[in-house]
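Chemist: Dock chain B against chain A, hints included.
There are 2 protein chains.
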Amino acid sequence: MALVVQKYGGSSVESAERIRRVAERIVETKKAGNDVVVVVSAMGDTTDELLDLAEQVCPVPPARELDMLLTSGERISNALVAMAIHSLGAEARSFTGSQAGVITTSAHGNAKIIDVTPGRVRAALDKGSIVLVAGFQGVSQDSKDVTTLGRGGSDTTAVALAAALNADVCEIYSDVDGVYTADPRIVPNAQKLAYVSFEEMLEMAACGAKVLGLRCVEYARRYHVKVHVRSSYTDNEGTYVYGSMEDIPVEEAILTGVAHDRSEAKVTVVGLPDSPGYAAKVFRAVADADINIDMVLQNISKIDTGKTDITFTLPKTDGPRAVEQLTKLQGVIGFSNIVYDDHIGKVSLVGAGMKSHPGVTATFCEALAEAGVNIDLISTSEIRISVLCRDTELDHAVKALHEAFGLGGDEEVVVHAGTGR
Amino acid sequence: MALVVQKYGGSSVESAERIRRVAERIVETKKAGNDVVVVVSAMGDTTDELLDLAEQVCPVPPARELDMLLTSGERISNALVAMAIHSLGAEARSFTGSQAGVITTSAHGNAKIIDVTPGRVRAALDKGSIVLVAGFQGVSQDSKDVTTLGRGGSDTTAVALAAALNADVCEIYSDVDGVYTADPRIVPNAQKLAYVSFEEMLEMAACGAKVLGLRCVEYARRYHVKVHVRSSYTDNEGTYVYGSMEDIPVEEAILTGVAHDRSEAKVTVVGLPDSPGYAAKVFRAVADADINIDMVLQNISKIDTGKTDITFTLPKTDGPRAVEQLTKLQGVIGFSNIVYDDHIGKVSLVGAGMKSHPGVTATFCEALAEAGVNIDLISTSEIRISVLCRDTELDHAVKALHEAFGLGGDEEVVVHAGTGR
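Protein chains in written order, with this note's numbering: chain A, 36 to 456; chain B, 36 to 456.
Just chain A, with the same shape it has in the complex:
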């Protein structure tokens, strides 16, 4: 008997009506002869509403209590889906992350899954029940406190359960139809991919694609979980995310798609002494503030030949804090000034195919030049090329690259107001 894990995002369960439709799909999957485990996010905007309520009673809510509060959202939606399944005549039981055996670190608000021991889930499945598991949460191994897993946590819960239960597939349902060669709202003739390897999906996610989070793809890759990204509004097949790009024959390796990202800002530390150790001081200062850095560039300084400029990108939300931190250490580190730019965009081409196709970088740059997009910074990996440009030019850049590499299909995509939730 096949075991299917399904995950439904917040907008898929945002009302009693949507909940009933999701229940129908779940029961169909069960009737087709599968064991079914379902992970459900909180309804609609519940998490944001609870956060808002928290801030009304406490400006900086303590992390442990915030996790106790927010996990109510998933508890509510899972119990309701279980009830809706029951009203369709099937058996269903809901469990919290803790009850389902999701064991995590103690980092409230951003806990990592250490282990999944799904004994109660398996027992309920063996009794013929459909099982609901609240996503986005687990229990801390040390303190036995309830924890939440951070952004994309429900996807990670679903993949982790699929791994622990040896599921045949992990279906991630949202309001988008699958993974596309580019965002269909920018490129109407973008094509839905039938299949993407783990490494390529990791790059797409790292480069701004929102349909699956980095953490859940990495977990799927490590435990070889087949992921199927599909829409909860249609019966169409979506995109399978599975397998290693190493397994793709060289002749078949293709370019997967164009991703874009508006969420980053750029910091330039100007006039740093061009000697060993100074770059390290800059990056240590930023790391100590718990900020992740993305792209990095080091240049001869414009202002002084004995100096160097270091440029890096980071999430916009962390920008002001990074600038503040570095400014505090200006005297200690010894640079001239900091330039902060939050009007940048990042566009990336991803694909296992570029390893074996020389000239991709050249075509890439030519396409952007022809579109009048100025390249600010380039960064590459084995299967990815990313550049920074002005955020106002980002859409042009995406279209130009998509066209230049022949990624478009003949039909225009029907675009729902998809957010990938």
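It is worth saying that the hints were derived from the structure and are not from the lab.
Heads up, a few of these hints could be off.
No copy is singled out in the list; a pair is fine if it fits within one copy or between any two copies.
Unchecked claim - When the alpha-carbon atoms are kept at most 25 Å apart in a straight line, the in silico SDA-like pairs for lysine to any residue are as follows: (1) K162 / P97; (2) K179 / R157; (3) K261 / R297; (4) K66 / P97; (5) K66 / A98; (6) K179 / L200; (7) K227 / K342; (8) K179 / P97; (9) K179 / G163; (10) K66 / Q91; (11) K179 / S164; (12) K162 / S175; (13) K66 / L349; (14) K162 / K179; (15) K162 / A98; (16) K227 / P284.
It should be emphasised that the depicted structure is a prediction, and the values quoted were computed from it without experimental measurement.
Modeler: What follows is chain B alone, placed relative to chain A:
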């Protein structure tokens, strides 16, 4: 160091603003040098809203899932109160009923507390924390499922914790100021009682007084928990519920108050054979439908001297079901017909004093007669006299009895729109 348990009802925490006020009171209690444990109900009408959502997805929600759903309400309010306390500079941790060691039967929706093992609560108190415990819930000893305790469950949680932790007092906060000699909305010169014994409070609760539920008073009595009923809107002392009426010296025993109840209906089984066993069949039929009976009266039948009529009262909500059940068994049991009356009211006089004061029953009936209230049925216990009358005459009956037994004070009570929540 004294240990105080406080319970706050739904209207006391119905908004962010009310939550902050409750937090202030809690922190004051802690600063006065006490260990503090707080039980909080769900905010405002949350429980009813969740029930409504449940019925939208499933007409008859499965009991286990309903408990998973409803317990979210208390989880939310307790986490928010803990956060509000934190913002006032004090330490607080919230626990679910399960985490706090509230062990129950498996009867979802109406579970009984079997035991309370408050290890984690005690540990948190010893570390100097204020502890929040979600009311109305526990965990089933057998299935390890989450359970809810039925109506008044948060009061029961508070008293049970007070017993297990050997608390000095259990303060029950609502929007009413204490226990009165009668409902101040009917009798403006009703007086607040400084003290009521357990047995008297049990009778008051059984006779319709809503401020404390039967189950929590019985629990308090069994474990000798001192209960203090007070308002969360003022600093006034309320009513202490404590001690046995046996301990009250005969000369000091008084009449406690007048309770009234509009929630019952009356069923008369007409023309039952007047032989052994038939009354038993009637009561067995009603008991099998899981319906509780209150007052009972058996009369010579009006229709036939060899027959008898049996009359009993029950909650209005169970009325139609009881009639249906008896009607089904009419042939088997062999009665003529059933009369159903849901326009009755019950008025009761309660007080340890009546044991030692002959003539109370006479005064009682005279007062009602003078007020033009017709007595339909009388029932008495050692410390209570109850009668049924028309529901339209109930207020007159309450006023008349309160006056006749000199229970009124000189001042008129300032009445909040109190519901006792």
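Chemist: Determine for every hint whether it applies to the structure shown.
Modeler: Hint check:
no., hint, in the structure
1, K162 / P97, "between (40 Å within a copy, 17 Å between copies)"
2, K179 / R157, "both (22 Å within a copy, 16 Å between copies)"
3, K261 / R297, "neither (29 Å within a copy, 62 Å between copies)"
4, K66 / P97, "between (44 Å within a copy, 20 Å between copies)"
5, K66 / A98, "between (42 Å within a copy, 24 Å between copies)"
6, K179 / L200, "both (23 Å within a copy, 22 Å between copies)"
7, K227 / K342, "neither (48 Å within a copy, 82 Å between copies)"
8, K179 / P97, "within (17 Å within a copy, 29 Å between copies)"
9, K179 / G163, "between (30 Å within a copy, 19 Å between copies)"
10, K66 / Q91, "between (46 Å within a copy, 24 Å between copies)"
11, K179 / S164, "between (27 Å within a copy, 17 Å between copies)"
12, K162 / S175, "between (28 Å within a copy, 20 Å between copies)"
13, K66 / L349, "neither (47 Å within a copy, 45 Å between copies)"
14, K162 / K179, "between (28 Å within a copy, 17 Å between copies)"
15, K162 / A98, "between (37 Å within a copy, 18 Å between copies)"
16, K227 / P284, "within (21 Å within a copy, 87 Å between copies)"
In the structure shown, a violation is registered for the earlier hints numbered 3, 7, 13, in ascending order.
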